[in-house]
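Chemist: Residues per chain, in single letters:
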Amino acid sequence: MARCEALFDAIVDGKIADAQTLVGERLAAGEAPMDIIAGTLIPAMDEVGQLFQDEEYFVPELMMSGRAMKAAMAPLRPLLAAAGAVPAGVVVAGTVKGDLHDIGKNLVISMLEGSGFKVIDLGTDVTPARFVDAIRTHQPNILCLSALLTVTMLAMKSTIEAITAAGLRDSIKIMVGGAPVHEKFARDIGADGYGVTATDAVSVARDLVSVA
Amino acid sequence: MSAPKPIGPRRQRVLDALAHRTPDKLPVDFGGCAVTGMHVSVVAALRDHYGLDRRPVKVCEPYQMLGLIEADLREAIGIDVAPVFGRTNMFGFDNTNWRPWLFNGLDVLVPEGFRTTIDPETGSTLIYPRGDTTARPSGRMPKDGFFFDAIIRQGEIDFDHLDAEDNLEGYTLLTEAQLDAIEADIAAANTGEQAVFASIVNTALGDIAFVPGIDLTDPRGVRDVADWYVLTKARPDIVHAIFDRVVDNGIENLARIHARVGDAIDVLIICGTDFGTQTSAFCSVKTFNSLWQPHYARLCGWIHANTTWKTFKHSCGSSERFFESMIAAGIDIINPVQCSASGMDPQMLKDRYRGRLVFWGGGVDTQETLPFGTPGDVRRQVLERCEIFAPGGGFVFNAIHNVQAMTPAENVVAMIEAVREFNGG
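Just so you know, the sequences run in chain order A and B.
No gaps in the numbering here: position 48 of the first sequence is 48 in the working numbering, and each next residue is one more.
No gaps in the numbering here: position 317 of the second sequence is 1317 in the working numbering, and each next residue is one more.
Among the hints, a few may not be true.
[What the hints assert, rightly or not] Here are a few chain B residues that sit away from chain A, every Cβ distance over 12 Å (derived from the structure): (1) Asp-1048; (2) Glu-1070; (3) Thr-1088; (4) Leu-1106; (5) Glu-1112; (6) Thr-1117; (7) Thr-1134; (8) Thr-1191; (9) Asp-1218; (10) Arg-1245; (11) Ile-1251; (12) Asn-1289; (13) Gly-1301; (14) Gln-1347.
[What the hints assert, rightly or not] Calculated lysine-lysine pairs in the DSBU-like style (CA-CA distance at most 35 Å, straight line): (15) B/Lys-1143 x B/Lys-1058; (16) A/Lys-118 x B/Lys-1143; (17) A/Lys-70 x B/Lys-1233; (18) A/Lys-157 x B/Lys-1058.
Calculated directly from the structure, the hints in this document are not laboratory data.
Beta carbons are placed, not taken as given, at the ideal position from N, Cα and C, and that holds for glycine.
Next comes chain A alone, as it looks inside the complex:
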């Protein structure tokens, strides 16, 4: 499971075409999909996360690396599914009702996917009922709720209440995030985790899965 430096650099530098080509080459050389992911892609996204934490990378760089990661994963996903590979965890994510913003949510999704999680994206303006349905359908380990607006962050609370009322609260961990959200608010509404940034969300998700 040796690290492929060129592929690692392509992800860190956000070079989509290079990432696609290099993954193809690794597969053609007989490297197992899971080895490519665990040996190169996940470490590359960890490096991106670290650069972001160190403020050497910012939102544009995070997006470019996320796109390169997505391109690299495209040919690997069907192979993983066929091999019955188990992801690091299953996540359902969405922006809560009344809120149409998705840049932050999409960044979190791209970082989670880059860290080996399988993510089901419900999009924006997601009602509590749709979150409940998605939990029943996909049986995720984690639910990620996003909101950008002060007026919509309250929908996180009603979503958690709906999940509790449906008898599903004990079956999942819930993470919340978004510009107006903070640790105390997350605690007050009964969330299990709060991510300050997209990279922070990965650490929180890893912790939640490990204790689930």
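With chain A held as given, fit chain B onto it using these hints.
Modeler: For chain B alone, coordinates are given in the frame of chain A:
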């Protein structure tokens, strides 16, 4: 040209604060521009509170659904600034021929061009660019929502084959009729009673509110906000080409306006691009200095060389790291001074930038204290911020960004009363 500039006590108060002199009282702005306003529902609640004429409030900025703060409410609040907006709004239609519209149970007035349909799938309200319902809608408000958001109307982008011209539609020279309207509106605002705050020419450099082109029937170029962020990294040559033209066009239009109104304008908003996030920034200072600062410097350089206008820059979030570069570029005023973001401690900001940068905002937190605190919490925070920011001028009271929908009226009133208390009643 060169309209006389009458100066009454309120306008003088603002001018003193802008000149970093201690004013007679702390000046106040609400509704001066599209980032210092109040949601239409809040404006309606305040009109009720102050017992003003019961009439529907005009939605003067439909994207964020801001309400027009008319002269009677300005007087009741004690506002020292008079706004001058371009007559065409962000969705590209004129703010004229007002008609009733029911907005979440509240009777409001919207311009004739405010044409909407309901999306049968989601129940959300769709709005159309230039009021043209034959075009694809450019904005969406969720069912029971409070604002519109841009609908991204852009296909796949090939970053290797881009034409800056595609992102420059709408950046044109003002017509004589538009200049006549601006001149008339500035003349009407230039009574001497209040400082004139103008939002009249779009000189924004990469403001994501404008990137999607919600005023355009069929926008070309990079219109997806995520793609725009990537563009700043992947193709700075294209971004420079766009910014060059925006500034060229802006200076030309401002010169023509200045030839008509002279120094009647006190404050000019130049750009609303956000550089800060809640805890960090959208780019490094190095990127700011190479990609944005030269363009701000050219724009502000022209303004300062040719007018007495003060330049107003909006940038949300943790923006302090950019302030030195902004000051060097000729930016006089920063807004909204988001003290709730990382690295934006009010006392540190005042100590570090005293006499060099005017803080227009920062008066109360609109993410936590104003919408969710008690009136006592609001009073305490407003008085604390005034004590920190007011000494020696360089501060115009405003909340941190627009007062949001669902903010309790008693909290907004507590904010207004606390400023009055600070000003000695």
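Chemist: Each hint: holds or not?
Modeler: Hints, verified against the model:
1. Asp-1048: Answer for B/Asp-1048: holds, closest chain A Cβ roughly 20 Å.
2. Glu-1070: At about 24 Å from chain A, B/Glu-1070 clears the 12 Å cut-off, so the statement holds.
3. Thr-1088: holds (24 Å)
4. Leu-1106: The assertion about B/Leu-1106 holds, with a minimum of 15 Å to chain A.
5. Glu-1112: holds (26 Å)
6. Thr-1117: holds (17 Å)
7. Thr-1134: Check passes; 24 Å lies beyond 12 Å.
8. Thr-1191: holds (35 Å)
9. Asp-1218: holds (21 Å)
10. Arg-1245: holds (22 Å)
11. Ile-1251: holds (28 Å)
12. Asn-1289: holds (14 Å)
13. Gly-1301: Label holds. Min Cβ-Cβ 27 Å, cutoff 12 Å.
14. Gln-1347: holds (21 Å)
15. B/Lys-1143 x B/Lys-1058: The given pair, whose Cα atoms are some 21 Å apart, holds under the 35 Å limit.
16. A/Lys-118 x B/Lys-1143: holds (30 Å)
17. A/Lys-70 x B/Lys-1233: holds (18 Å)
18. A/Lys-157 x B/Lys-1058: Between A/Lys-157 and B/Lys-1058 the Cα gap is close to 33 Å, so the pair holds against 35 Å.
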